[in-house]
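Model the full structure from these sequences, guided by the hints.
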Amino acid sequence: MTKTVQVVDDVTVRFAGDSGDGMQLTGSQFTDTTAFVGNDLSTLPDFPAEIRAPAGSLSGVSGFQLHFGSGDIQTPGDSPDVLIAMNPAALKVNVKDLKPNATIIVNTNSFDTKNLKLAQYGTNPLEDGSLSGFNVIPVELTKLTMTALEDLSLSLKEKEKCKNFFALGLMYWMYNRPIDITLKWLESKFNSKPEVLEANQRVLRAGFNYGETTEIFTTRYDVKPAKLPKGIYRNVSGNEAVALGFIAASLRSGIPLFLGSYPITPASEILQELSKYKNYGVVTFQAEDEISGVASAIGAAFAGSLAITNTSGPGLSLKTESIGLAVMTELPLVIIDVQRGGPSTGLPTKTEQADLFQAMYGRHGEAPVVVLAAQSPADCFYISLEAAKIAIKFMTPVILLTDGYLAFGSEPLKISNFEELPEINVEFRTEKEGFFPYLRDENLVRPWAIPGTPGLEHRIGGLEKKDVIGNISYDPINHEIMVKNRKEKIDNVQKEIPDLIVDGEQEGELLILSWGSTYGAIKEAMRNLENTGHKVSHAHLRFINPFPKNLGDILKRFKNVLIPELNLGQMATLIRSTYLKEVLQFNKVQGQTFKVAEIENKIIEVLGGNNG
Amino acid sequence: MDNKINELVPEVKYTAKDFASDLDVKWCPGCGDYSILAQVQRTSPDFGEKRENMVWVSGIGCSSRFPYYMNTYGFHGIHGRAAAIATGVKLANPKLQVWVATGDGDMLSIGGNHFIHACRKNINMKILMFNNRIYGLTKGQYSPTSEKGMITKSSPYGTVDFPFNPIKLATGSGATFVARSLDRDPKHLQEVISKAAKHKGLAFIEVFQNCPIFNDGVYFPLTEKETKADNVIFLEHGKPLLFGANKDKGIKLDGLDPVIIDLNDGKHSVNDCWVHDEFDDNPTRVFLLARFTDISGFPTPIGVFRQFNKPTYDEEYVKQIAQIKEKKGVGTYEKLMLSNHTWEVN
Numbered sequence: 001m002t003k004t005v006q007v008v009d010d011v012t013v014r015f016a017g018d019s020g021d022g023m024q025l026t027g028s029q030f031t032d033t034t035a036f037v038g039n040d041l042s043t044l045p046d047f048p049a050e051i052r053a054p055a056g057s058l059s060g061v062s063g064f065q066l067h068f069g070s071g072d073i074q075t076p077g078d079s080p081d082v083l084i085a086m087n088p089a090a091l092k093v094n095v096k097d098l099k100p101n102a103t104i105i106v107n108t109n110s111f112d113t114k115n116l117k118l119a120q121y122g123t124n125p126l127e128d129g130s131l132s133g134f135n136v137i138p139v140e141l142t143k144l145t146m147t148a149l150e151d152l153s154l155s156l157k158e159k160e161k162c163k164n165f166f167a168l169g170l171m172y173w174m175y176n177r178p179i180d181i182t183l184k185w186l187e188s189k190f191n192s193k194p195e196v197l198e199a200n201q202r203v204l205r206a207g208f209n210y211g212e213t214t215e216i217f218t219t220r221y222d223v224k225p226a227k228l229p230k231g232i233y234r235n236v237s238g239n240e241a242v243a244l245g246f247i248a249a250s251l252r253s254g255i256p257l258f259l260g261s262y263p264i265t266p267a268s269e270i271l272q273e274l275s276k277y278k279n280y281g282v283v284t285f286q287a288e289d290e291i292s293g294v295a296s297a298i299g300a301a302f303a304g305s306l307a308i309t310n311t312s313g314p315g316l317s318l319k320t321e322s323i324g325l326a327v328m329t330e331l332p333l334v335i336i337d338v339q340r341g342g343p344s345t346g347l348p349t350k351t352e353q354a355d356l357f358q359a360m361y362g363r364h365g366e367a368p369v370v371v372l373a374a375q376s377p378a379d380c381f382y383i384s385l386e387a388a389k390i391a392i393k394f395m396t397p398v399i400l401l402t403d404g405y406l407a408f409g410s411e412p413l414k415i416s417n418f419e420e421l422p423e424i425n426v427e428f429r430t431e432k433e434g435f436f437p438y439l440r441d442e443n444l445v446r447p448w449a450i451p452g453t454p455g456l457e458h459r460i461g462g463l464e465k466k467d468v469i470g471n472i473s474y475d476p477i478n479h480e481i482m483v484k485n486r487k488e489k490i491d492n493v494q495k496e497i498p499d500l501i502v503d504g505e506q507e508g509e510l511l512i513l514s515w516g517s518t519y520g521a522i523k524e525a526m527r528n529l530e531n532t533g534h535k536v537s538h539a540h541l542r543f544i545n546p547f548p549k550n551l552g553d554i555l556k557r558f559k560n561v562l563i564p565e566l567n568l569g570q571m572a573t574l575i576r577s578t579y580l581k582e583v584l585q586f587n588k589v590q591g592q593t594f595k596v597a598e599i600e601n602k603i604i605e606v607l608g609g610n611n612g
Numbered sequence: 613m614d615n616k617i618n619e620l621v622p623e624v625k626y627t628a629k630d631f632a633s634d635l636d637v638k639w640c641p642g643c644g645d646y647s648i649l650a651q652v653q654r655t656s657p658d659f660g661e662k663r664e665n666m667v668w669v670s671g672i673g674c675s676s677r678f679p680y681y682m683n684t685y686g687f688h689g690i691h692g693r694a695a696a697i698a699t700g701v702k703l704a705n706p707k708l709q710v711w712v713a714t715g716d717g718d719m720l721s722i723g724g725n726h727f728i729h730a731c732r733k734n735i736n737m738k739i740l741m742f743n744n745r746i747y748g749l750t751k752g753q754y755s756p757t758s759e760k761g762m763i764t765k766s767s768p769y770g771t772v773d774f775p776f777n778p779i780k781l782a783t784g785s786g787a788t789f790v791a792r793s794l795d796r797d798p799k800h801l802q803e804v805i806s807k808a809a810k811h812k813g814l815a816f817i818e819v820f821q822n823c824p825i826f827n828d829g830v831y832f833p834l835t836e837k838e839t840k841a842d843n844v845i846f847l848e849h850g851k852p853l854l855f856g857a858n859k860d861k862g863i864k865l866d867g868l869d870p871v872i873i874d875l876n877d878g879k880h881s882v883n884d885c886w887v888h889d890e891f892d893d894n895p896t897r898v899f900l901l902a903r904f905t906d907i908s909g910f911p912t913p914i915g916v917f918r919q920f921n922k923p924t925y926d927e928e929y930v931k932q933i934a935q936i937k938e939k940k941g942v943g944t945y946e947k948l949m950l951s952n953h954t955w956e957v958n
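Chain order of the listed sequences is A and B. Reminder that position 93 of the first sequence reads as 93 in my numbering, one-by-one numbering, no gaps. Offset between the second sequence (1-based) and my numbering: plus 612.
Please keep in mind that the hints were generated in silico from the structure rather than gathered at the bench. Careful: at least some of the hints might be erroneous.
Once the Cα atoms are required to be at most 20 Å apart in a straight line, the calculated DMTMM-like pairs of lysine to aspartate or glutamate come out as [as the list claims (entries may be wrong)]:
#1 B:K638 to A:E464
#2 A:K432 to B:D630
#3 A:K230 to B:D630
#4 B:K638 to A:D475
#5 B:K662 to A:E431
Everything numeric in this text was worked out from a predicted model, so none of it was measured.
Written as structure tokens, this is what we have:
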């Protein structure tokens, strides 16, 4: 029979199954192939906090969402067009998120009494008509997989494990993508297990051919390559991009990278990733606790390394006292906080932006630090270089905020040439003449004099220092001078950071002011509203302390300022107190980021429900 | 195991004075810390290390003011974190000789976790722990080494908790050099510090230190002339365990129980005594020695309980980096960014 090919601009696909079903792997393979054929894309995994919740249960469902298209893609997509549900629980958990008329590909073999009961279905949804609003495609995924592997000597369990590749093959057929990238990947993955390799490759082909030959599938979809800027790309998650960014910063600055770290969700991948790069001279110290993670980094900074520590909210709380020490000793240090739902253990695998106050103010005493926030997975690379540059240039701790959504989400990163990266100059003090540990330059930055340098032996620490000289001083006037010096030094960072850019009209009715990972959703919402006549502009903050110097002027030029954020209004409070400007809040604290539609609707609501 | 002592000889011959910073020392008059500082400054010229390569790191407490008085690189940290900060210094530059000055509260209470893990990892650094069995800087609360029942400002009716035995703790945690000395025995303290300086691996020295203000005299039975001989037993490698003014009392081992013997009783001779083996692989005897302070009537052992060699964390790390560089080639930006799956957009 002939199959029709329908061209579409963008598609959102969600793979969902048991946490042992290999959905993350399936999703990342689909992502790699999709990137290779030239689509723009954005991905987001969604997995439970439990490693292996009981098989078939609702809490054990693991998902991977991919949004790809021929245009500019900024988010993993609000609602899937296609759901691949490997079992009843996966269907139940995900069906509510689907677009009307979405396609659901189900593994019918898993819809037995036991699994239906585990998924808390009273009746079989495939038979009771409850899915009538969707295009349901039933596939005997398990059976077809087993049949394809009949003659192999693998155990039944091993054979069944291949079924995710049947689903993947089918999706490759449906979206007209080549299977050879995954075939090749399988070769490298299983080169020591020829039979497992054969099984997976065979099942992948079987899935693809199943789409081609069966009559269930009548339509294939074509998503043309996106018009991305020329260059070489790779797909990166936010955590991966942070790791790459700091290695690049180490290469750019010429000093070795030191990471002091303690495992914590969702930040551990930064430690894991960096630990692979020993041939770059990277030292990853997996410490006994969060405090040792930051304290060892402070020691390494004192000794001349590019020192960083990574964590999430609870870990940042533990590191707080030590960050105060880094403020006092004026050493370069980057603290990466991959924010998650809090307080306390909260929602460890979910996203939130509620550590902003902690980053800004969570220390005793007057202890200003630089605060930056990444806007997308790929931006995690560039902002890490910025963080390293500022920390070194200003001899200061820098808190870099990312979040769970950025950490696990992925998108293509355009690879810059080495020469295009920001310059990071390191000048260790070696001159004995006129050396004082707290003698400041025009930006109020003190010298970095590291152990091993003859003639510059000196002592620093947490006690207040005599201005310039650096010896202990309890003098009241001196203390105030030093407090002000430390504050003014951070203010001077403003000279380094670019002006804030307003997207859209430069003045008018409504400005959306955002920060961090909400960038993508807002950007897509703005684009959707572009030709609807709504008068709205957008500015996105990557530099939070200090703010860009033109922010105050921008705020004055708009009648209303709306701040969407994944907390109860922390940035809104910051803006109000800094600029005495009333702002509108749009807050969501559900462990999930904004949907594009939520932003659009809010903008329309603020504008009075009309087109301006 | 390669146990070469650092043989680097500085070009300049230092004296004790070269290690004194220009700050006035501000401990209380009569504090045992003065003696410890003096012994460190006296022995430092013989460490075989250039002054600029020495780093003293500390936490918080009276003892932790120590780095300010040493004319080396110094880092006065925050409460309990000295071992963690020092670890970072050492890993960032393994060529540095890293020392930690700390107290019983700083290292065993708030810093306990960092202490045991530094020992476990065998970070090549030296920890000098001033044990005065009291919180001095905060003015007199009991510490994790205060004897049970001790009356302090925070235990007016006596403490009900049991103290740590630092020698057992360090040994159990894997420290590769464990020793004890006395603030009031300068010569002995110098010997122990010099030995620790030459040890490759984590060296832990517990120094019994008098706090004249909040815990005055707690060690006088061990340090004063009239009582010292009967209460202290000096550990010397290869020598029998003897004590007493006339060295006529000894320790013998009865199974796993140490027993005090009288060499004048006609039944025992020096040949019955336990002979100290500083390089014993087996830590069992260290625990038996460390227990002496818990048994009434037993002398307190002073000296090097044990030293042995195993690879240090920092040398293993350096080795691993070199191996991976050899295997994968030195990393470059191009390799970094293009190593994973990439594609080109034209």
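Tested hints:
1. Our distance criterion of 20 Å between C-alpha atoms is met by B:K638 and A:E464, whose separation comes to about 16 Å.
2. Restraint check for A:K432 and B:D630: the C-alpha separation of about 17 Å stays at or below 20 Å, so the hint holds.
3. Pair hint A:K230 plus B:D630 does not hold up; C-alpha atoms about 62 Å apart against a cutoff of 20 Å.
4. Taken as a hint, the B:K638 and A:D475 pair is honoured in the structure, with Cα atoms around 16 Å apart against an allowance of 20 Å.
5. With a C-alpha separation of about 18 Å, the suggested pair B:K662 and A:E431 falls inside the 20 Å cut-off, and the hint holds.
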